[in-house]
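Residue numbers (the working numbering), protein chains in the order written: chain Y, 1 to 115; chain L, 116 to 229.
Be aware that one or more of the hints could be misleading.
With a straight-line cut-off of 30 angstroms between C-alpha atoms, the simulated BS3-like cross-links for lysine-lysine are [unchecked claim]:
hint, chain 1, residue 1, chain 2, residue 2
1, L, 130, L, 177
2, Y, 3, L, 193
3, Y, 55, L, 159
4, Y, 3, Y, 57
5, Y, 57, L, 159
6, L, 126, L, 198
7, L, 177, Y, 3
8, Y, 71, Y, 57
9, Y, 3, L, 198
10, Y, 63, Y, 17
11, L, 159, L, 198
12, Y, 71, Y, 55
13, Y, 17, Y, 59
14, L, 159, Y, 63
15, L, 126, L, 186
16, L, 186, L, 159
17, Y, 3, Y, 59
18, L, 186, Y, 59
19, Y, 71, Y, 17
20, L, 159, Y, 71
21, Y, 3, L, 159
DEER-style ranges, computed between Cβ atoms [said to hold, decoys possible]:
hint, chain 1, residue 1, chain 2, residue 2, range
22, L, 142, Y, 99, 35 to 43 angstroms
23, Y, 14, L, 198, 38 to 46 angstroms
24, Y, 52, L, 170, 19 to 27 angstroms
25, Y, 16, L, 131, 51 to 59 angstroms
26, Y, 45, L, 131, 33 to 41 angstroms
27, L, 198, Y, 26, 25 to 33 angstroms
28, L, 137, Y, 26, 34 to 42 angstroms
29, L, 156, Y, 68, 22 to 30 angstroms
30, L, 195, Y, 61, 41 to 49 angstroms
31, Y, 57, L, 167, 29 to 37 angstroms
32, L, 155, Y, 59, 26 to 34 angstroms
Treat the hints as calculated values from the structure; they're not laboratory data. C-beta: ideal position from N, C-alpha, C; glycine also.
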Amino acid sequence: SQKIEQNSEALNIQEGKTATLTCNYTNYSPAYLQWYRQDPGRGPVFLLLIRENEKEKRKERLKVTFDTTLKQSLFHITASQPADSATYLCALGLDRGSTLGRLYFGRGTQLTVWP
Amino acid sequence: EAGVAQSPRYKIIEKRQSVAFWCNPISGHATLYWYQQILGQGPKLLIQFQNNGVVDDSQLPKDRFSAERLKGVDSTLKIQPAKLEDSAVYLCASSGEGSGNTIYFGEGSWLTVV
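Let's have the full structure, built from the sequences with the hints guiding it.
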C-alpha cells in the first residue's frame with residue numbers, strides 16, 4: 001500500500017540547533033516533493049519544492065534534500081528559532097505536466113524550538 | 116495581494132444536517148482545490164477544478180458531498196447529510212499561472228458534527 005511517513009510526531013530542539021525532519025514514502029513515484037508549514041488554526045503555507053531530478057534546494061535557513069533511491073526527503077532548519085515552532089508537512093506530487101494536481105500529504109511533524 | 120478567502124470559519128451542526136462552505140480563490144487562479152484535514156492527519160484532496168471543470172473528484176464521497184464552481188471563480192462545497200466522521204477542517208486552495216509551483220491555502224472552515 002502507499003504510505004508517506006514523517007519522523008516522530010513531535011521534535012523538540014534547542015534554539016540555535018539544526019532541526020532535521022524526515023519524510024519517507026513507499027509505492028509512490030513522485031515528480032516533486034513539497035514542504036509546508038502549518039500553524040495551529042491556520043492553513044498550510046508553502047515553503048519549498050524539490051523535483052525528482054534535483055538533489056538539494058536551499059532557501060535562507062531552509063534546506064531540502066530528495067533521494068529517489070532511498071525514497072526519502074530531509075528538511076533542515078538551521079539556526080532554529082522559537083518562531084520556527086509549527087507543524088511541518090511533506091507532500092508528494094505525481095503530475096509531470098504544467099498544472100499542479102493532487103498532493104499526497106504526510107501527517108506532519110510538530111517541531112518545538114525552546115529557548 | 117489578497118489570499119484565498121473561506122467562510123464560515125467555524126460551523127457546528129448535528130448529524131444528518133447540511134452545511135455549505137464557500138471559497139474565493141486568489142484572483143486569476145484557474146485551479147481550485149478542496150482538501151479535507153482531519154485532526155492529526157495531513158490534508159486529503161476531495162476535488163480539483165480547472166476553471167469551472169472538474170479535474171479530479173475521485174476521493175469525493177459523492178453520496179453526501181458536492182461541489183461546484185459555476186463561473187470559474189468562487190466555489191461552494193456542500194455536505195448533506197453530515198456524519199460524525201465529517202468533522203474536520205475543509206481547506207480551499209488555489210494555483211495558477213504566475214504562482215509557479217505554489218499552491219496557496221486558505222485558513223480553512225472548521226466543521227464539528229455532533
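Here's how the hints hold up against the structure:
Straight-line distance between C-alpha atoms of residue 130 of chain L and residue 177 of chain L comes to about 17 angstroms, which keeps the hinted pair within the 30 angstroms bound. Restraint check: the Cα-Cα separation between residue 3 of chain Y and residue 193 of chain L comes to about 29 angstroms, which is no more than 30 angstroms; the hinted pair holds. Of the pairs offered as hints, the one joining residue 55 of chain Y and residue 159 of chain L holds, with about 27 angstroms between alpha carbons and a cut-off of 30 angstroms not exceeded. With a CA separation close to 24 angstroms, the supplied pair residue 3 of chain Y and residue 57 of chain Y stays within the 30 angstroms bound.
Of the supplied pair hints, the one linking residue 57 of chain Y and residue 159 of chain L holds, its CA atoms being roughly 26 angstroms apart against a limit of 30 angstroms. Distance hint between residue 126 of chain L and residue 198 of chain L is fulfilled; the C-alpha atoms sit about 14 angstroms from each other, no more than 30 angstroms. Our distance criterion of 30 angstroms between C-alpha atoms is met by residue 177 of chain L and residue 3 of chain Y, whose separation comes to about 25 angstroms. Of the pairs offered as hints, the one joining residue 71 of chain Y and residue 57 of chain Y holds, with about 16 angstroms between alpha carbons and a cut-off of 30 angstroms not exceeded.
Simply put, residue 3 of chain Y and residue 198 of chain L have alpha-carbon atoms about 26 angstroms apart, close enough for the 30 angstroms limit, and the pair holds. The suggested pairing of residue 63 of chain Y with residue 17 of chain Y holds, with an alpha-carbon distance near 14 angstroms, which does not exceed 30 angstroms. Distance hint between residue 159 of chain L and residue 198 of chain L is fulfilled; the C-alpha atoms sit about 17 angstroms from each other, no more than 30 angstroms. Distance restraint check for residue 71 of chain Y and residue 55 of chain Y: the Cα-Cα separation of roughly 12 angstroms lies within the 30 angstroms cut-off, and the hinted pair is therefore satisfied.
Our distance criterion of 30 angstroms between C-alpha atoms is met by residue 17 of chain Y and residue 59 of chain Y, whose separation comes to about 17 angstroms. About 25 angstroms separates the Cα atoms of residue 159 of chain L and residue 63 of chain Y, which keeps this hinted pair within 30 angstroms; it holds. For a cut-off of 30 angstroms, the pair hint linking residue 126 of chain L to residue 186 of chain L stands: about 26 angstroms separates their Cα positions. Annotation: proposed proximity of residue 186 of chain L to residue 159 of chain L holds, straight-line Cα distance about 25 angstroms (limit 30 angstroms).
A threshold of 30 angstroms between alpha carbons decides the hint, and for residue 3 of chain Y with residue 59 of chain Y the separation of about 27 angstroms falls inside it, so the pair holds. Distance check on the hinted pair: residue 186 of chain L and residue 59 of chain Y sit about 37 angstroms apart at the alpha-carbon level, beyond 30 angstroms; violated. A distance of roughly 26 angstroms separates the Cα atoms of residue 71 of chain Y and residue 17 of chain Y; the hinted pair therefore holds under the 30 angstroms criterion. With a CA separation close to 21 angstroms, the supplied pair residue 159 of chain L and residue 71 of chain Y stays within the 30 angstroms bound.
Distance hint between residue 3 of chain Y and residue 159 of chain L is fulfilled; the C-alpha atoms sit about 13 angstroms from each other, no more than 30 angstroms. In this structure the hint that residue 142 of chain L and residue 99 of chain Y lie 35 to 43 angstroms apart at CB is violated, the actual value being about 18 angstroms. In this structure, residue 14 of chain Y and residue 198 of chain L meet the distance hint of 38 to 46 angstroms, their C-beta atoms being roughly 44 angstroms apart. Between residue 52 of chain Y and residue 170 of chain L, the C-beta spacing of about 22 angstroms keeps the proposed range 19 to 27 angstroms intact.
Evaluation of the 51 to 59 angstroms hint for residue 16 of chain Y and residue 131 of chain L yields a pass: the beta carbon distance comes to about 53 angstroms. Against the hinted window of 33 to 41 angstroms, the Cβ-Cβ separation of residue 45 of chain Y and residue 131 of chain L comes to about 35 angstroms, which satisfies the hint. Checked against the hint of 25 to 33 angstroms, the C-beta distance between residue 198 of chain L and residue 26 of chain Y comes to roughly 30 angstroms, which is consistent with it. Judged by the Cβ atoms, the range 34 to 42 angstroms given for residue 137 of chain L and residue 26 of chain Y holds: they are separated by roughly 37 angstroms.
Between residue 156 of chain L and residue 68 of chain Y, the C-beta spacing of about 25 angstroms keeps the proposed range 22 to 30 angstroms intact. For residue 195 of chain L and residue 61 of chain Y, the hinted distance range of 41 to 49 angstroms is satisfied, since their beta carbons lie about 46 angstroms from each other. At about 34 angstroms, the CB distance of residue 57 of chain Y to residue 167 of chain L agrees with the hint of 29 to 37 angstroms. Checking the proposed 26 to 34 angstroms range against residue 155 of chain L and residue 59 of chain Y shows it holds: the Cβ atoms sit about 28 angstroms from each other.
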